[in-house]
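J.: Residue numbers (the numbering used here), protein chains in the order written: chain A, 1436 to 1867; chain B, 37 to 869.
Keep in mind that the hints are not guaranteed to be accurate.
To be verified - In silico DSS-like pairs for lysine-lysine, Cα to Cα no more than 25 Å straight-line: (1) A:Lys-1845 <-> B:Lys-141; (2) A:Lys-1634 <-> B:Lys-382; (3) B:Lys-727 <-> B:Lys-69; (4) A:Lys-1646 <-> B:Lys-471.
As the list claims (entries may be wrong) - To be clear about the criterion: a stretch of chain A counts as covered by chain B if any three or more of its residues have a C-beta under 8 Å from a C-beta of chain B, and this derived list gives those stretches: (5) 1700-1706; (6) 1721-1730; (7) 1791-1802.
What the hints assert, rightly or not - Sample of chain B residues with no beta-carbon within 10 Å of chain A, all distances over it, derived: (8) Pro-116; (9) Asp-227; (10) Ala-522.
These aren't lab readings, by the way, just hints derived from the structure by calculation.
Where a beta carbon is used, it is the ideal one built from N, C-alpha and C, also for glycine.
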Amino acid sequence: MADTASKTDPLTPVLTKRWLSPDSWRLSTYEQLEGYTAIRKALRMTPEALVELVKEAGLRGRGGAGFPAGVKWSFMPPNEDKPHYLVINADEGEPGTCKDVPLMMADPHSLIEGCIIASYAMRAHHCFIYVRGEVLHCIRRLNNAVREAYAAGYLGRNILDSGFDLDITVHAGAGAYICGEETALLDSLEGRRGQPRLKPPFPAAAGLYAKPTTVNNVETIATVPYIVNGGADWFRQMGTEKSPGPKIYSISGHVERPGQYEAPLGTTLRQLLEMAGGMKDGIPLKFWTPGGSSTPMFTAEHLDVPLDFEGAAEAGSMLGTTAVMVFNETVSVPWAVMKWAKFYEHESCGKCTPCREGTYWLSQVLERLVEGRGTEEDIDTMLDVCDNILGRSFCALGDGAVSPIQSGIKYFRDEFLALCESNKRELVGASA
Amino acid sequence: MTLAHDKPTETQPEVPEGHVRLTIDGQEVIAPKGELLIRTAERLGTIIPRFCDHPLLDPAGACRQCLVEVSMGGRPMPKPQASCTMTVADGMEVKTQLTSPVADKAQKGVMELLLINHPLDCPICDKGGECPLQNQAMAHGRADSRFVDRKRTFPKPLRISSQILLDRERCVLCQRCTRFSQQIAGDPFIDLLERGAQQQIGTSETADLEAAASTTPSGEPFQSYFSGNTIQICPVGALTSAQYRFRSRPFDLVSTPSVCEHCSSGCAERTDFRRGRIMRKLAGDDPDVNEEWICDKGRFAFRYATAPDRIRKPLVRGEDGQLRESSWTEAMQVAADALVKARDGKGIGVLTGGRLTVEDAYAYQKFARVAARTNDIDFRARAHSAEELRFLASSVVGTTPEHVSFSTLEKAPIVLCVAFEPEDEAPIVFLRLRKASRKGTRVAYVGQWTTSSVRKTSGELLACAPGAEAAALDGIPEHAKDLHEALSAEGAVILVGERAAEVPGLFSAVQRLADGTGARVAWIPRRAGERGALDAGAVPTLLPGGAPVTDAQARAALEQLWRLPEGTLPAEPGRDTAGILAAAAAGELDALVVGGVDPDDLPDPQAARAALDTVGFVVSLEMRPSAVTERADVVLPIAPTAEKAGTFRNWEGRDRPFDVTLQNTGALPDCRVLDTLAVEMDVDLFTQTPKAAWADFDRAAGAVPRTVEAFQAEPAAAQEESTNGHVKLSTWRQLIDNGSLQVEEPHLAGTARPAVIRLNAATAERHGVVAGELATVRTERGALTLPAEIADLPDGVVWVPSRSPVGVYEALGVGHGGAVQLSAGSGETGGAA
């Protein structure tokens, strides 16, 4: 950590290095900037060696949970008596998160190259990229990149004479937050209603069409070609021991220059704010999320928390998708929390009781509170309802839904109380 | 199962192979691998509350009501786990709500959440009083609600079929109904729509228009023969039946176990009545037979017994030619006098229909043999053949569930259905075949088209022209070698339906195939009483228990048992149904005793009616006016199933006894009526009560030695070529049609499958028939016009339902395998008018 802090330039453009090149999304640009060099190397390696390389590099999933990618790949059965599938989760829907769509817009071929390498490593011959349906422009660009890759022989039969075949299908989702949950995504991809599946069986045993499947985030897979080219040691130079590598931090909100900042894992908000030009108009920071609205919020106290998987967890939150949403002192916490709660109410898939009913209840209470019709009792009720949802729901959506509420009340209880002040009921004769 | 030992440290019980040892609430328990925690706890007597869990459905884990705390190898899992989805593991420690405050709070929390949007309309809800939500909320919930905001509401109720109503605001979204429909019935016409708190059950018809395009799987209404089960497994009052809605409170009902009177499956049922009226029927729980399911016909078709036109007093035809109510004594006297005269004249024929209990069938045959002194008795009120009777005598009489049973089907590697459409003819057999097919049983059909049975059992179809089934079977060893090989495996089963009697040589072909492969053969008739009537001897060639009437030794034994003078029992085989009717029409019989026969079920309804008109005297034992009572000289009212005791013997040969549901209605079972009638004829049948009849039958079947003659298969007949310009008719009855036991139930009728003429595209084109428009099949006898639907039938074949609503035999005079002419439109231009 001291190592990263001492670096003169905190930015480490790896995934984003091509983003500012003219026509960065074109195959020709990609090829000029060492694109499709990693697959030449990878296709000469054995699948096992590739899995081992990714394990050694310590690449952790960039979709939020941070599961080691190499370990996940090694769950795939070694034999091929059933077809294997690689599915790319590009259903980026977490509020505040905006890293995968820009990546696919600016540099789609890095994802495709990653898909080829990962598919080869997992003996998959069909890869699906599940993109959220709203980002039409991105889908078009991705489709075009896939076409380019087919035409250039990077996809299809016998890729670069290696004997390896791979098809990529770009699939547009229909706009449901839950479809970012990997099993709901698989159901949706199969044409069913997007709701999470019971696990086990896990996707590596029975995933897409009940065949061995690995679901990986866009950023995770797009990182793979650089690891193949640079090696595990190079990769581990960035970030921390347990969370190595660069990461795209999506900074939004009240900063001077919001945007994507690629920096080593373990970078602090203080450093990120410097890169983003500081707080907008100098208005002081009030609260922020380290990784989207599902991660418990932080305050100005947490400016120096290292933003890696361990650091965020230690400070009582999660790294999530490194969607850093920054709010200054003009923002009411109960209001922001209410907006988030309404998002989760709208996006709850309805499968399980705690999430379906709980988000419905919480958002109503919060709305009432913000309108000044709440009571102090409501705050305790909310916390208890949150407790009844957290860890009780079918998938993590319910857990995410209560994060902003619990952390908001934890750090800013006074603000919630203030909203209730006018409703303190003095019962007639209560003093007796 | 082995339960906890008092001192587990001293003598650890052995863990058997395939089992694990775990503790639940500190109590040690050994459980089979793969068992769900919720069931293991249940065996220990700890009921964990649940909604979505159902032992016959795949786990869902949706309601989260059954959360418990689990530790593995001493390490507690961070979150409470759903005990309905987690299986037992060695060394697991489980704490339920009894010992874990975490589990208890989790359960109370989920219960509170379930109730926030649930209306407090228990006082007017059908489920109130027997509601799992109500009961579990009382046991595991908070006394008061902290929810003070707006409840989610929906317009109510939603009619998702003519029979099923849905109150969406009551629904807890456990998905039992949708999972039942998808997994068990295979009719995924209801599904979840919308999401979050707006998530709801619906059909394509209930979905919002804009959602319809993306959220509904089928675009079809909820049309299922099994939809009623969703009402029964609904853990709240969200699904109710149009028939029962707002009719009664559970605590006002008296419940009796009963047996379904409709098909030959013999389902266990529960009949609930109030003040002498049946209010509803529910599926009983019988793992060996119907598990926990019944079909909609079994559930809803019971109001025939309260039809306003039910005959409750004997009727005697007066000199004016009109039937008039009479006393029992008068009616018995008139009938007995005429029957004695007929017996001493040209004789009496007895036709019994296929819906009798074993006891009643036994009484009919004893009446025939002892009082009428004839073997002219036949239960087969449908198309039948001598070949069929020989097959039944050799291969079906006396078989028990040890031969072929529901569980045999479930375990079989392959089941071949011949001339048998399980979903229409024996719905519970269909459910078991579907269950088997989902576990890997191969199901094959010799039939005409890819019916819903074929589709929903992932079946393979050996399509052949109607009438050509025998040839198709004979072709299996050569042309379908893999099928032949599969049928040679241990446990393979061939199921034959009643339609086989319409195909000459088919039983012989079945026997050849069984002989060649070693597969077991079971006969599945359509009606509840057929198998019992066969075993009771209500056939022209067999005595009770199955010995041939020609067997002198058997007759002698029976004569001794029945205390008859030696040589009194008729020794010559009698006439079958067709023979009896022909004889009656030709004046070779003087009287007919007819119980529950509808001439429209017979291959030649016109001839049957003519026979009834011609014959000198007709005694009809009936419940409601029919074509037979219209022609009867004496009508004796008999009891419907709910008003008598008795036993149905199902297709497996399993006895399904039931007691009287509605006591003291005054209605008499057939066996009692026949006993009294025989007494008037100076003969004792000893069948005064079903109990007495059963005892007599039991003694007879046990006393009479039975020599089983092997079925002599007839050589394969040459297939006649289809005559020019004709098409072949394939037909069978749909489950819900115009059957006489389905009257007075418009909601059930609304779920009947539409009646259509099915044919393939090429045949349609050749005859100018357009899909969706009317087409007509015609014979010299008459015509039948229905909308046309394209299906994968063989070329030159059409299918029509036998009685939906028009009787095919009546309209066309031919049945399955007959030749008909096909034309487009209603056929008016054909010059029929």
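J.: Confirm or reject each hint.
T.: Do the hints match the structure? See the list:
1. At most 25 Å may separate the alpha-carbon atoms for a hinted pair to count; Lys-1845 (chain A) and Lys-141 (chain B) meet this at roughly 22 Å.
2. Distance restraint check for Lys-1634 (chain A) and Lys-382 (chain B): the Cα-Cα separation of roughly 76 Å exceeds the 25 Å cut-off, and the hinted pair is therefore not satisfied.
3. For the proposed pair Lys-727 (chain B) and Lys-69 (chain B), the alpha carbon gap of about 46 Å is over 25 Å, so the pair is violated.
4. Restraint check for Lys-1646 (chain A) and Lys-471 (chain B): the C-alpha separation of about 23 Å stays at or below 25 Å, so the hint holds.
5. Here's how the segment 1700-1706 of chain A fares: 0 of its residues keep a CB closer than 8 Å to some CB of chain B, so the rule of at least three is not met and the hint is violated.
6. For a cut-off of 8 Å, the count of residues in the segment 1721-1730 of chain A with a CB near a CB of chain B stands at 0, and the three-residue condition is violated.
7. Check on the segment 1791-1802 of chain A: 8 of its residues sit with their Cβ under 8 Å from a Cβ of chain B, so the three-residue criterion for coverage holds.
8. Some Cβ of chain A comes within 10 Å of the Cβ of Pro-116 (chain B); the nearest lies about 6 Å off, and the non-interface call is violated.
9. The Cβ of Asp-227 (chain B) does not lie farther than 10 Å from every Cβ of chain A; its closest approach is about 7 Å, which violates its non-interface assignment.
10. Under the 10 Å C-beta cut-off, the non-interface status given to Ala-522 (chain B) relative to chain A holds; the minimum distance is some 23 Å.
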